[in-house]
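Let the hints inform the model, and build the full structure from the sequences given.
Just so you know, the protein sequences line up as chains X and H, in that order. When the count follows numbering that gives the first Met the number 0, it moves up by one through the first sequence with no breaks and lands on 254 for the last residue. When the count follows numbering that gives the first Met the number 0, it moves up by one through the second sequence with no breaks and lands on 254 for the last residue.
Rather than coming from a laboratory, the hints here were simulated on the basis of the structure. Among these hints, one or two may not hold up.
For chains that are exact copies, the list does not tell them apart, and a pair is met inside one copy or across any two.
Stated by the list, open to error - Computed list of lysine-lysine pairs in DSSO-like fashion (alpha-carbon distance at most 27 Å, straight line):
id: 1; residue 1: K152; residue 2: K98
id: 2; residue 1: K98; residue 2: K153
id: 3; residue 1: K152; residue 2: K223
id: 4; residue 1: K153; residue 2: K97
id: 5; residue 1: K223; residue 2: K3
id: 6; residue 1: K3; residue 2: K39
id: 7; residue 1: K152; residue 2: K18
Keep in mind that this is a model prediction, so the values were computed, not measured.
There are 2 protein chains.
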Amino acid sequence: MTEKLLEIAEAALDAALPKEDERPAALSAAMRYAVGSGGKRIRPLVCLAAAIAAGGKAEDAACCAAAIEILHNYTLVHDDLPSMDNDVERRGKPTVWKKFGEADAILAADALQALAFATAARTERNAADAVRILAEAAFGVVKGQVEDIAAGKKDARYVYAHKTADLFVAAAKMGAAAAGGTRESVDALGRFALNLGLAFQYEDDLLDGDGLYAPDETARLAAKATADAIASLEGLPGDVSALKSLAARLLGRKT
Amino acid sequence: MTEKLLEIAEAALDAALPKEDERPAALSAAMRYAVGSGGKRIRPLVCLAAAIAAGGKAEDAACCAAAIEILHNYTLVHDDLPSMDNDVERRGKPTVWKKFGEADAILAADALQALAFATAARTERNAADAVRILAEAAFGVVKGQVEDIAAGKKDARYVYAHKTADLFVAAAKMGAAAAGGTRESVDALGRFALNLGLAFQYEDDLLDGDGLYAPDETARLAAKATADAIASLEGLPGDVSALKSLAARLLGRKT
Numbered sequence: 000m001t002e003k004l005l006e007i008a009e010a011a012l013d014a015a016l017p018k019e020d021e022r023p024a025a026l027s028a029a030m031r032y033a034v035g036s037g038g039k040r041i042r043p044l045v046c047l048a049a050a051i052a053a054g055g056k057a058e059d060a061a062c063c064a065a066a067i068e069i070l071h072n073y074t075l076v077h078d079d080l081p082s083m084d085n086d087v088e089r090r091g092k093p094t095v096w097k098k099f100g101e102a103d104a105i106l107a108a109d110a111l112q113a114l115a116f117a118t119a120a121r122t123e124r125n126a127a128d129a130v131r132i133l134a135e136a137a138f139g140v141v142k143g144q145v146e147d148i149a150a151g152k153k154d155a156r157y158v159y160a161h162k163t164a165d166l167f168v169a170a171a172k173m174g175a176a177a178a179g180g181t182r183e184s185v186d187a188l189g190r191f192a193l194n195l196g197l198a199f200q201y202e203d204d205l206l207d208g209d210g211l212y213a214p215d216e217t218a219r220l221a222a223k224a225t226a227d228a229i230a231s232l233e234g235l236p237g238d239v240s241a242l243k244s245l246a247a248r249l250l251g252r253k254t
Numbered sequence: 000m001t002e003k004l005l006e007i008a009e010a011a012l013d014a015a016l017p018k019e020d021e022r023p024a025a026l027s028a029a030m031r032y033a034v035g036s037g038g039k040r041i042r043p044l045v046c047l048a049a050a051i052a053a054g055g056k057a058e059d060a061a062c063c064a065a066a067i068e069i070l071h072n073y074t075l076v077h078d079d080l081p082s083m084d085n086d087v088e089r090r091g092k093p094t095v096w097k098k099f100g101e102a103d104a105i106l107a108a109d110a111l112q113a114l115a116f117a118t119a120a121r122t123e124r125n126a127a128d129a130v131r132i133l134a135e136a137a138f139g140v141v142k143g144q145v146e147d148i149a150a151g152k153k154d155a156r157y158v159y160a161h162k163t164a165d166l167f168v169a170a171a172k173m174g175a176a177a178a179g180g181t182r183e184s185v186d187a188l189g190r191f192a193l194n195l196g197l198a199f200q201y202e203d204d205l206l207d208g209d210g211l212y213a214p215d216e217t218a219r220l221a222a223k224a225t226a227d228a229i230a231s232l233e234g235l236p237g238d239v240s241a242l243k244s245l246a247a248r249l250l251g252r253k254t
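Here it is, written out as structure tokens:
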């Protein structure tokens, strides 16, 4: 199942991104490099699996899946900039600014954000809803990042809910909306994804050996969020097995 | 007429932007500072006047007018960054990065782009069309900027068409679409705005004493683009006087 969903996501991403030689070529190359290939594509998987759980088909949500991954990758490019985290490597390769220079990295990410909305707006069913959901999350992610890099004591729950979980929530809700899901299904999948996103962030902290809570507390929070996520799947009209296995895979992951 | 349209635009902008104390306050303050107040608001005026020219009401396009101005201002914030134009002053005040720091400037502009799409998506009629038009222009603006800052000989027509005119085109088309205009009206207003945007850029070059053409040629191009713009207004169903006076005002402007 996951393999088939991954194929749908990669095909939608490839179709959405500019061709390598599309003018200006430097921009197209940087945008493609930023989105990369062979990643875990967790958010697109959440989106496509949510479409199924809402009673529709994964294909209905292909544009939304691509849109959410494109948006996610724009945020990474800006997070890596010298004036932010100043990271020179990501996924074992030079970061976009390290490879293309700072100006082109800022601009390529800006273009990716625009492309994310263009792609979401191409969804056949409920396109305006998909865009509204994506826009709210895109704003939320920035709020989380601003709070995260601010000096002084941070509100961990706020940072995690916005910086990480907002995109998971948007992925699930967009997928469900694009599949024609009921409002109840969209909301239930939003709750699932909020908890999944929090669990993902806690696991990330455990893997990195950092984070805003002590390790024992982080592990406890991760297990609880995963359980809460799975409990939200009760009563959905479609098959929830792909979402359940995603949640299980994220808990205790090694990379 | 222009005064009334300006009021609609300012009210829509104020409603769309986060309140000063909305969390995180640093982000809200930077976003409001970036969009400023009392500007010429040319793109919102084009948008609202296009709604009238298409046979609808200016109020129909209020969200689109706010969206296009928010998007325009995000691009200015990124253009001013040290790694781009390295500008420390705009409209007689410190640029956003100079006042709030580079990281918060990048993020505030990112949030403005997201907010532009959220605002466009709130349009009552043809919201998905408005988002598609805005997304295309948002991508186009970046293409123009990448070409403009690239080393070597530039394609002036490409830079002007994308960096400047794309937002004028989007303003007019979004306004017409939000007012329920026919496809013919939307297209005619798009042609009007392409020429208006080019004229605006040529006038800008004359004012700044720079640009990609010689001054005589620039003046000739500005007059021709203005004439072409006005010719595109033939046969529209609504009142085109606001658009005509905008075009006349831009030609030979002093600031």
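Do the hints match the structure? See the list:
1. K152 - K98: For K152 and K98, the Cα distance is within 27 Å only across copies (23 Å; inside one copy 34 Å).
2. K98 - K153: between (32 Å within a copy, 23 Å between copies)
3. K152 - K223: Answer is within: at 25 Å inside a copy they meet the 27 Å cutoff, but 59 Å across does not.
4. K153 - K97: The answer is between: 25 Å across copies meets 27 Å, while 29 Å in one copy does not.
5. K223 - K3: Close neither inside one copy (29 Å) nor across copies (55 Å); limit 27 Å.
6. K3 - K39: Close inside one copy (13 Å), not across copies (52 Å); limit 27 Å.
7. K152 - K18: For K152 and K18, only the inter-copy Cα distance (23 Å) is at most 27 Å; the intra-copy one is 44 Å.
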